[in-house]
Amino acid sequence: MKQLDIDLVRKDFPILGRRVHEKPLIYLDNAATSQKPTAVIDALRDYYTQSNANIHRGVHLLSEEATAAYENVREISRDFLGASESREIVFVRGTTEAINLVAQAYARPRLQAGDEILISHMEHHSNIVPWQILCQQTGALLRVAPITDEGELDIAGFEQLLGPKTKFVSLVHVSNALGTINPVKSLVAKAKAQGVPVLLDGAQAAPHIAIDVQDIDCDFYTLSGHKVYGPTGIGVLYGRESLLEEMEPYQGGGEMILSVSFEKTTYNKIPHKFEAGTPNIAGTVGLGAALQYVNLMGIDSIAAHEHELLTYATEQVQQVPGIKIIGTAREKAGVLSFVLDGVHPHDVGTILDQEGIAVRTGHHCAQPVMDRFGIPATTRASFAVYNTRAEIDRLMAALDRVRDIFS
Amino acid sequence: MSDLRELYQEVILDHTKRPRNFGPLEEATGRANGANPLCGDVIAVYLEVVGDTVKNIRFAGAGCAISTASASLMTETLKGKTIEEAQVIFDCFHDTVTSSPDTEVDLAGLGKLAVLAGVREFPMRVKCASLAWHTMRAALDGENDTVTTE
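Just so you know, the sequences run in chain order H and D.
For my numbering, add 1 to where a residue sits in the first sequence, where the first one is 1.
For my numbering, add 9 to where a residue sits in the second sequence, where the first one is 1.
Derived from the structure by calculation, the hints contain no laboratory data.
Small disclaimer: the values here were computed from a predicted structure and weren't measured.
Incorrect hints may have been included.
Cβ-to-Cβ under 10 Å is the rule here; a few derived chain H residues that face chain D [stated by the list, open to error]: (1) V340; (2) G343; (3) H345; (4) G350; (5) M371; (6) R373; (7) F374; (8) A398; (9) D401.
Just the calculated beta-carbon pair ranges, DEER-fashion [stated by the list, open to error]: (10) S108/D / Q161/H: 52 to 58 Å; (11) D100/D / T279/H: 35 to 41 Å; (12) L5/H / C101/D: 54 to 60 Å; (13) K325/H / D100/D: 40 to 46 Å; (14) T155/D / I16/H: 34 to 40 Å; (15) L22/D / S87/H: 57 to 63 Å; (16) V20/D / N296/H: 54 to 60 Å; (17) D100/D / L9/H: 34 to 40 Å; (18) S108/D / I16/H: 56 to 62 Å; (19) I16/H / D100/D: 37 to 43 Å.
Beta carbons: idealized from backbone N, C-alpha and C, even for Gly.
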């Protein structure tokens, strides 16, 4: 594993050169969205200036180039996720759309009233609401595995809820609000032992840790491009081939068909069956550049750097009087959430912003997590490969200023 | 940095730490709930209106410094005012915090609420300052739905 030169890495991200309120930008809101390297920005520009055309139909050169570029990203994504076949890679808008797709196109026709879907208490709203909608449609019931005070999944509680009525399990790989890395391989094994298919929400995992869907043995896996240095509006759904094959389409339209008449429509093969309409071609090309950028640095090198940052930031924050870290799991990635006695996270966020520091404050689209810890919101610093110890030192100085103002 | 001190003035911090008229009002003739879904702030405003006068007003809930101070200052300001006066103050306050920082505002008409005018410099925080006020107006109007800032 190579050691990254972070000063060099930072030069790849043009936005890191800008100033905010006359201070150098310190971007610690990476769990919301990451910044984009020049490689991604250039890929978008090159696509639009050189190859822009619709895919899979034109016989002209540009269409051929655009189609090749688009399908090449399917191969890059397959490799990134460790899938065996590129036809198991479906392009979607993001993790939210991927989960809705699986809920509607896989789970819905297979559920009956009284069946159960099992999620956990640390899910993002996007891995809660699609299942609630599905429950309303089918009469199925949503079961929620508990989490501990440290923000780890309560494994015994999970096992207890995983029963004969469980027809689907959907879990987050890395929690966006707590940073917890779930032991997904063993959780999937438990579900598979009962014949229950599993979806993993990898939106927060993809930027931080290596993913191998064959090793994990999950049935569905999702990521959002914009959280892994790619553009917004593009994401990946991995689906096990046998399951994708037996699923009905999610949306109808162009591209997902082989032939259409008013009497009968024949659907296209997977994965195209799930990609109705002209897709986000430019975004897909940008996603490919982003994943290649991650590969170039090495996900293990990224993980090592971020782990060191998280450890350092955790040590520093623990020394601040009146601060409580929310989410102290043994295995964490990328996220430091905390509350400060007597100061609302929104006020923390405003004061940090004046120091040029971007953090997220609020419930992080995970209100049940906030309820679990009896708080309305947290301040969340989340890290990417381009963050530095010096930036964490400035975060600490800014937190001193918060305490000073509110003392 | 002067902007921050402008936002977090002593008066605001004082009202945040020791909110006035805090807690339910048993004699309330009207109440409404307010929520800022973006940050999770929740507030309830209780009004006791006798004739056309706000005889008493209290609030409860949890929020940031700006929303708590704004609610606390609001209750101090509106207690004893007529409904018509309350509407005028609402309009004046609302116009001030939503105005562009470049424009002149009549701070004198706001009395002690003038300390909240600094919110104008922080567009992301205007909703924090106005939540209590929208909730108060819903309580006056007898609306039962939760008011949101969205």
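Worksheet item: Is the hint on H345/H kept, meaning its closest Cβ partner in chain D is under 10 Å away?
Response: Status holds, d = 4 Å.
Worksheet item: Quick one, is the A398/H hint okay against chain D at 10 Å, beta carbons?
Response: 13 Å, violated
Worksheet item: Does V340/H meet its interface restraint, that is, does its C-beta lie within less than 10 Å of any C-beta in chain D?
Response: Violated. Min distance 12 Å.
Worksheet entry | Interface restraint verdict for G343/H against chain D (beta-carbon cut-off 10 Å) | 8 Å, holds
Worksheet item: Cβ-Cβ distance between L22/D and S87/H: within 57 to 63 Å?
Response: Holds, at about 58 Å.
Discussion item. For the restraint on F374/H, tell me whether the closest CB of chain D is nearer than 10 Å.
Written reply: 12 Å, violated
Discussion item. Given R373/H as an interface hint, is its Cβ closer than 10 Å to any Cβ of chain D?
Written reply: 14 Å, violated
Discussion item. Just to be careful: measuring from the Cβ of G350/H to every Cβ in chain D, is the smallest value less than 10 Å?
Written reply: Because about 8 Å separates G350/H from the closest Cβ in chain D, which is inside the 10 Å limit, the hint holds.
Worksheet item: Measuring from beta carbon to beta carbon, are D100/D and L9/H in 34 to 40 Å?
Response: At 56 Å between Cβs, range violated.
Fill in: Verdict for T155/D, I16/H (Cβ pair) under range 34 to 40 Å
38 Å, holds
Discussion item. Tell me if the beta carbons of V20/D and N296/H are separated by a distance inside 54 to 60 Å.
Written reply: Given about 55 Å between the Cβ atoms, the range holds.
Worksheet item: Does the hinted range 52 to 58 Å hold for S108/D and Q161/H at CB?
Response: Holds: the Cβ-Cβ distance is about 57 Å, inside 52 to 58 Å.
Comparing the model with each numbered hint stated earlier shows that hints 1, 6, 7, 8, 9, 11, 17 and 18 do not hold.
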